[in-house]
Amino acid sequence: MKTQLITTEKKPFRALAYGAILMLVALAFNPVYGQTQTTSTEAVQNERTIKGIITNAEGPVESASIVLKGAEVGTVSNKNGEFTFPKPLKTGDVLLISYLGYDTIEVKIEANTTFIKQMLSEDLIEFVGALNTNKPYKSKRKRQ
Amino acid sequence: MIIKRCFLLCLWAFQSYAQVSDFEGVNFRKADSIALAYKNETLHNLPELAYKLTSNLPTEVEQFRAIFTWVCGNIANDYALYSRNMHKRQRFKSDSLKLENWNSYFRTLVYEKLLKRNKTICTGYAYLLEELAQLANIDCKMIHGFARTSTIDIEKLDMPNHSWNVVKLQGKWYLCDPTWASGIPNSETFQFQFHYNDGFFLPNPKLFAINHYPVHKKWLLLENKPSFQMFLDAPIIYGEAYTKLNVHNEPLKMHNIIRKNDTVLFKYELLKPIKREAISLLIDNGSGSYKIYPKSISNEGRFLTVAYAFKRTGFYDVHFYIEDALISTYTVKVKKAKS
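These protein sequence lines are chains A and B, in that order.
Each residue of the first sequence is one higher than the one before, counting from 1 in our numbering.
Each residue of the second sequence is one higher than the one before, counting from 1001 in our numbering.
Don't read these hints as lab results, they were simulated from the structure.
Don't take each hint at face value.
[Claimed, not checked] Calculated cross-link-like contacts (lysine to aspartate or glutamate; reagent style EDC-like; alpha-carbon spacing at most 16 angstroms):
{"hint": "1", "chain 1": "B", "residue 1": "LYS1168", "chain 2": "B", "residue 2": "ASP1022"}
{"hint": "2", "chain 1": "A", "residue 1": "LYS142", "chain 2": "B", "residue 2": "ASP1317"}
{"hint": "3", "chain 1": "A", "residue 1": "LYS135", "chain 2": "B", "residue 2": "GLU1100"}
{"hint": "4", "chain 1": "B", "residue 1": "LYS1093", "chain 2": "A", "residue 2": "GLU126"}
{"hint": "5", "chain 1": "B", "residue 1": "LYS1141", "chain 2": "A", "residue 2": "ASP103"}
{"hint": "6", "chain 1": "A", "residue 1": "LYS135", "chain 2": "B", "residue 2": "ASP1153"}
{"hint": "7", "chain 1": "A", "residue 1": "LYS135", "chain 2": "B", "residue 2": "GLU1188"}
Generate the whole structure from the sequences, applying the supplied hints.
Here it is in C-alpha cells:
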C-alpha cells in the first residue's frame, strides 16, 4: 500500500519531469528561431561588421582604401581584394572606396548590407605635362 | 526702368573676377601648417589623407588651401616622364590607335610613379588635387588646355599640353595651377626643384589667360573671352609675374614692330605697390644685352605704366624685370623712322 502510494506519488512527478524536459527541449529550440529573428531585426537598425571584396577588370585589387565618409577610420584590401571594416557600421553609413587611377565609389550601407562586392573602373585620363621654366626667351636669329 | 539700368551699371562697375583677394580676411597659416604636418603621408589612402588635411579647418577655402599646399609640396615633377610622353605623343599624333595604346600604357606608368615615388607630370597634379578636394566635398575639376612658356614652340602647339584646375568656393569658380605652383626644373640639369609659387593659387583669370587657354572656353572664367589666336600672339610671362602682377595689360602681343624713336608702353596692374627703382629692362640685340632703368614711369598705387623709346633700329628681345624677378618678354623690331 505504502509502495503503491509511493508509486502513485512518483507517477505525477515523472510526468512533470518529462513535461519539463519536453518544455526545455522545446524552449531550447524555440529561442534559436526567436534569436535569429531578433538578431536580423537588430541588424537592420544596429551596427554590424561589414566585409567585402574589391576588384577591377583584371581581378582583385590589393591596397584599395575603404574609409567611412566623414571619419578617420578605414582599412585597405588584402592581396585577394578582401577587407573587413574595422568598425561596426549601421544602416545609412557611407563607405568611400578608392584606388589611385580609379573612380572613387561611394557605397551606402543599406538595411541588408553585410558584404560589399565592388568593381572599380579606371579613370580614363590622357596625361600631358608642360613644365614651367624661368629660362629667358631667346629669339632665333639668322646668322649674319 | 531707370532703377534697373542703375542696378546693372552698379553691377558692372563692381564686377571683379574671382581671385584670391576675395579671401583677404582669411589667414592661410593654419592650413599651410597642417599641410606641412602631414609631409610624410603617402598616397595609399586618399580619403584618409583628405580627412587629415581638412577636418580641422573651418572654411572651404582653407580646406582647399591645405590640399593645394600639400600637393604642391609633396609631389615632384618628373622631367624624364614628361619628355618621354611628349616625344611619343608627337610621334603617334596622326595614328589614333597607337596614340590610344600609348596613353593607356602611360596612364598605368603615371599612377605607379605617383603611388610609389610621389612623382608625376602636370595632369597627375591636377588629378590628385581634384581627387583630394572631391573627397573633402569641395567641387574641383581638372581642366585640360594649352600652356605657353618661354621654351614652348607655339608652331607645334597643336594638341593640349597642360592641365590645371578650377574650384568652386562660396559659389564662385576660381583657377589654380598646382603643377606650376610646385616648382620648376633647373634650367641646366632639368632636375625638378620644389619652389612653391603662391601666385598660382586662385590668380586673376585675366593674368592666367595670358599663358593658359582651356579646351573649353567657359573655363577661362572671363566675360570677354580672348580668342585662341590672341593667346598665341600674347607675350611670354613667367612664374614670377604671378607674384607681382594682378593683370598684364600691355603690350598685348609678343612680337611688336615700331619705328625708330617710337615708344613702347608697358602697362600692368600690380598686386602690391613697388618702388620705381625696382623696374628694369634687359634688352638683347642678338650680339649682347644691356640693362636699362627706364625714366618714364607712372606708378600710381597699383597701376604701373612704363614707357621706353627705342632710338636705334634693330631686332630686340626685351625682358621686363621687377627687382630681380623676370616678369615678361617681348620682341621689338625697330624700323627706320618715316622720312
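Which earlier hints turn out false for this structure, listed by number in ascending order? 3
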